[in-house]
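Could you build all of it, start to finish, from the sequences and the hints given here?
Chains as they are written, first to last, in this note's numbering: chain A, 4 to 315; chain B, 4 to 315; chain C, 4 to 315; chain D, 4 to 315.
No lab work stands behind these hints: they were computed from the structure.
From a predicted model like this one, the values you see are computed outputs, not experimental measurements.
Think of the CB as a built atom: it goes at the ideal place given N, C-alpha and C, for glycine as much as any other residue.
Hints may be right or wrong, so weigh each one.
Stated by the list, open to error - Label pairs and their computed distance ranges (CB to CB):
1. Pro291/A - Asp64/B: 48 to 58 angstroms
2. Glu192/C - Ala39/B: 51 to 61 angstroms
3. Arg169/D - Ala162/B: 27 to 37 angstroms
4. Asp42/B - Asp33/D: 33 to 43 angstroms
5. Ser133/A - His229/C: 51 to 61 angstroms
6. Gln136/D - Glu20/B: 33 to 43 angstroms
7. Arg308/C - His110/D: 35 to 45 angstroms
Claimed, not checked - Facing chain C, a subset of chain A residues (Cβ under 10 angstroms, in silico):
8. Leu89
9. Ala101
10. Leu108
11. His110
12. Glu161
13. Phe172
14. Ala176
15. Ala178
16. Ser183
17. Val232
18. Gln235
Take a look at the letters that make up each chain.
Protein chains: 4
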Amino acid sequence: MSAEFDRLSAAVREIAEEMKARPDRGSVADYIPELAHVDPGRFGLCAVDAEGRVAAGGDADAPFSIQSISKVFTLTLALGMAGDRLWRRVGREPSGSAFNSIVQLEHERGVPRNPFINAGAIAVTDLILSGHQPREALGEILRFVRFLADDETIRIDEAVAASEQRTGFRNAALANYMRSFGVVTNPIEFTLGVYFHHCAIAMSCRQLAMAGRFLAHGGRHPATGHAVVSPQRARRINALMLTCGHYDGSGEFAFRVGLPGKSGVGGGVLAIVPGRASLAVWSPGLDPSGNSHLGREALEMLSRRMGWSIFG
Amino acid sequence: MSAEFDRLSAAVREIAEEMKARPDRGSVADYIPELAHVDPGRFGLCAVDAEGRVAAGGDADAPFSIQSISKVFTLTLALGMAGDRLWRRVGREPSGSAFNSIVQLEHERGVPRNPFINAGAIAVTDLILSGHQPREALGEILRFVRFLADDETIRIDEAVAASEQRTGFRNAALANYMRSFGVVTNPIEFTLGVYFHHCAIAMSCRQLAMAGRFLAHGGRHPATGHAVVSPQRARRINALMLTCGHYDGSGEFAFRVGLPGKSGVGGGVLAIVPGRASLAVWSPGLDPSGNSHLGREALEMLSRRMGWSIFG
Amino acid sequence: MSAEFDRLSAAVREIAEEMKARPDRGSVADYIPELAHVDPGRFGLCAVDAEGRVAAGGDADAPFSIQSISKVFTLTLALGMAGDRLWRRVGREPSGSAFNSIVQLEHERGVPRNPFINAGAIAVTDLILSGHQPREALGEILRFVRFLADDETIRIDEAVAASEQRTGFRNAALANYMRSFGVVTNPIEFTLGVYFHHCAIAMSCRQLAMAGRFLAHGGRHPATGHAVVSPQRARRINALMLTCGHYDGSGEFAFRVGLPGKSGVGGGVLAIVPGRASLAVWSPGLDPSGNSHLGREALEMLSRRMGWSIFG
Amino acid sequence: MSAEFDRLSAAVREIAEEMKARPDRGSVADYIPELAHVDPGRFGLCAVDAEGRVAAGGDADAPFSIQSISKVFTLTLALGMAGDRLWRRVGREPSGSAFNSIVQLEHERGVPRNPFINAGAIAVTDLILSGHQPREALGEILRFVRFLADDETIRIDEAVAASEQRTGFRNAALANYMRSFGVVTNPIEFTLGVYFHHCAIAMSCRQLAMAGRFLAHGGRHPATGHAVVSPQRARRINALMLTCGHYDGSGEFAFRVGLPGKSGVGGGVLAIVPGRASLAVWSPGLDPSGNSHLGREALEMLSRRMGWSIFG
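See below:
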């Protein structure tokens, strides 16, 4: 076991070094102005094993905008609040289209295909918000993430949130569209306000890997000793991450990495090795599907070196 | 271990009994006239564990039309012949649409999204056919399936093949459409002839579970002692089954059953428990996505009772 | 000539009577709450010939919400302001989809297909608004309509405008979506405010037929003696009304009525007989494409009786 | 009147000369190999007025492949055979998509939007064929075109027909797709055989303008003295040409030329001036929508010079 952790530590360190030097880094997201300033040369990688040992490499302690990775946490929170009622508002199928597509919503009467595309995450946020003030809902989300990561220092990057709020017209289109079908029910500006802010949570790879541990361990969070969700629910969230966690690149991530994962346009990815480890990687350059280019490569290398795959 | 097999045997038997009695059975596929005659009351279930022990229940020895489950075997065969060149003709992403949809082909210039929707499987068949006579290509596919199942009695149901050939206009549309983009290259009637015939292979749950064992055991087929594919390729085929194996119900199958699986409109499903077992189920009634209704329920029960899930 | 007007008068009167009694009246639009209260039994018809003689029948003097018919007037106004620059923001092709569809916008990067679907009319409104306060832009539109109809009593129905503003989420989705592509440039609430208000202009059939006269007479308004637009522009607006004026029922209207026309979900239709007459009809019940059901039938009868068709 | 014909003659001659010299000629269709050989420098123009006087310019007597213009004649023939039953198999709305798109067929259950896109024309051909041998059906179509043009020398270009038959996979996809919904009912190869052959009819501008005269004159063919169709049907065919005759460029043609017209990928266009004239133009280079580039420009010039527009 200790030997395995040594192998893991070496792998994380070596992959981080190799990735730091790679010339092909993808393109930093530019549709959120504030994110466009991020240095594409950054790279961080962190793994936390079942015993809580941490292997870290590169910029593993630098905070970045987790963006859509926050959708894993809001989905978990919303399932705790609404249970299976949540599935009346959002589906469980891969979308077969881009992260911000609105076409499917028209064909399927305003019900987003899954909770990890933008439309679905907005619907989930709307559910968390219902009956509360935006400030309260956002506070609850932030407390939950801090609790999962066991780290009270996690913050929202207000500049990023404000930047999205000024420019997030496609998300506003999605929210209005769903509102016309009754899938979103709160005032649009409230729902979008909470959505933009939870996407703007800043975390380091280390914090993110810590926060994902409950998904690797049957819903129980080893760091805090709490049962966050039931084992079945943890499995199901993992299943959704596998089939829908990388937008229209989900099939490719499953094919290459073989682990449930969720990406964000900030360049981060959270990946789960059931029973073994929680992984987080950060490289700001994206591929055409909007997923971290080197992030996926790093996870592919790491899973291959460690023999980690849920597929055998 | 033996205790686990006893649990498995009991589970398979009891689930088969319960399913036999269920009134809600879905609708038998009627668009292939020959399949419409099948008795919706049939139900079979079979599991083969790592040691080759077989647990069977219900009509586990009755042959049925495997239909799209054959696509797992043709994909494996084609990867052996063409390697990664295959991915120039077919993608690896869930389609987000029905099994026989042609819309995506127009938007993506004739390249099907994955090898498990009809268009993708026709493109894979075309690749197997290239440079051969239809009879030879079909012979090769049949020999491969018999080898995997270690059973020389497996046959093609000519009546089903002829029935599809007479009525398979949507598949002919898909093939012609891909031909116009150069994704299908052989004469349409050759490609479709081979496609309709391999879909018409008849197997029992027992034969199917045997044939799937290589996917549960790192590409190595315990029954025959042969390495069919590399461990990595076995994992990747499993990944594709997970993300794309149930058409537009793939997310739901992953969410509920938590195992890689491939369904056919004959009502069969092949599912893989990596490292543990190969499973086959048959119930002819389908849900609206074209997947076996009770087949999925039975696998959901079995995986829950056995604690089998790739997601933790 | 006078004989022809006598024929016209008789036809208008008789058709209005027949239509008043018809049991099949379509369904009143219910997605704008305020419009849902309108009595489906109302029916008005009015024709103004080249000499300015007016033939009226039924409720020809009752004001109704002109809704999308206003798009003819805003297009005319915007062409006067921006000329052919307008066509950078909006196309000239029939859409092949519903009046409020957003699918096409995604496929064609935010540029609406024509100025008469909702998205296109919002883009045109945005152009009129540019650099002005909403109140000013709206004032200009209202003045223009009053000038065309030669009638200072025409008003905006504030209750209808407010009702749409509260419930027009799909239009807000369209506007936000176009804003994300830079096709809409003003603050969304400004553009939508002007849009909802000009759609809420209330006019009677008589006022509407008067306002449409310039399109029947080479751009020259006989009532006021002014050249509103050039003869070529008048022809082109008529062409757009013919190909795009009835959403996804434009082909049917051309086939049956054979005249350029523009419908609104309030149940009104403005139709043009080039060189001869301007027609307006009102019947609140709609067909599935969102066009006045009896309105089209009445125009079909009238054009047949008078031998009016642009197609021979 | 004679003065008007003199103006027409001069206009036709001068436009033909100007067009012969134009450098921007569009691209000759290359997806039908046989058509790719045509000299892009050819240009012909012909107008026949109500008295039967012919104004011709450029290559007005050179035969070219009329391609989709034949759809006007097959629609007329099929309406004569089946009457309004035809509209059960094909719609009357602009498609909003490319001439060979299959997307709409999936969304609308195999019923093509109108008789002038490829799918619609194949459905019309299938109706003409029903119960006959392909040879007979084709003979009937050819006899009808010769009768309309009053010219027994009109022939089918067998090389073009054979070329399309070898390469027309997208049309085969459309036909198979419609067959799966019962919209096409004959053996695919029969229907496509007739379709490819009637598209391969070769006519000169002069012959084409002669053949179109019945549409300009209330269904009555002045050259032959026969009533081909009723006045109402002639108007309706003109309406369909206006809204659907130029695929996804129909709106543009109506906007610029202001006349009903039907184009073919051979570079020909037939246009109708109701009550006045029948026009034919030929320039092989196409615009991106698949319509003759200079053909449309020439008709735009001619209609402007002559003051011909159905829109006022």
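Here is how each hint holds up against the structure:
1. Pro291/A and Asp64/B have their C-beta atoms about 49 angstroms apart, which keeps the hinted 48 to 58 angstroms range intact.
2. A hinted range of 51 to 61 angstroms holds for the C-beta pair Glu192/C and Ala39/B, which are about 57 angstroms apart.
3. A hinted range of 27 to 37 angstroms holds for the C-beta pair Arg169/D and Ala162/B, which are about 33 angstroms apart.
4. Checked against the hint of 33 to 43 angstroms, the C-beta distance between Asp42/B and Asp33/D comes to roughly 54 angstroms, which is inconsistent with it.
5. Ser133/A and His229/C have their C-beta atoms about 56 angstroms apart, which keeps the hinted 51 to 61 angstroms range intact.
6. Our hint of 33 to 43 angstroms for Gln136/D and Glu20/B is violated, since their Cβ atoms are close to 59 angstroms apart.
7. Checked against the given bound of 35 to 45 angstroms, the beta carbons of Arg308/C and His110/D, roughly 38 angstroms apart, stay inside it.
8. The beta carbon of Leu89/A is not positioned within 10 angstroms of any beta carbon in chain C (closest approach about 21 angstroms), and the interface hint is therefore violated.
9. Annotation: interface hint on Ala101/A holds; nearest CB of chain C at approximately 9 angstroms, less than 10 angstroms.
10. A least Cβ separation of about 8 angstroms between Leu108/A and chain C falls short of the 10 angstroms threshold, and the interface hint therefore holds.
11. For His110/A, the interface hint holds, since its Cβ comes within 10 angstroms of a Cβ in chain C; the closest pair sits about 8 angstroms apart.
12. Because the smallest distance between the Cβ of Glu161/A and any Cβ of chain C comes to about 22 angstroms, over 10 angstroms, the interface hint for this residue is violated.
13. Below 10 angstroms, beta-carbon pairs count as interface contacts, and Phe172/A has one with chain C at about 4 angstroms; its hint therefore holds.
14. For Ala176/A, the suggested interface contact is upheld, since its CB lies about 4 angstroms from the closest CB of chain C, less than 10 angstroms.
15. Against a cut-off of 10 angstroms between C-beta atoms, the interface hint on Ala178/A holds, since the closest Cβ of chain C lies about 8 angstroms away.
16. The beta carbon of Ser183/A comes within 4 angstroms of a beta carbon in chain C, closer than 10 angstroms, and the hint placing it at the interface holds.
17. Taking 10 angstroms as the C-beta cut-off, the interface hint given for Val232/A is violated, the closest approach to chain C being about 33 angstroms.
18. Because the beta carbon of Gln235/A sits about 36 angstroms from the nearest beta carbon in chain C, more than 10 angstroms, this interface hint is broken.
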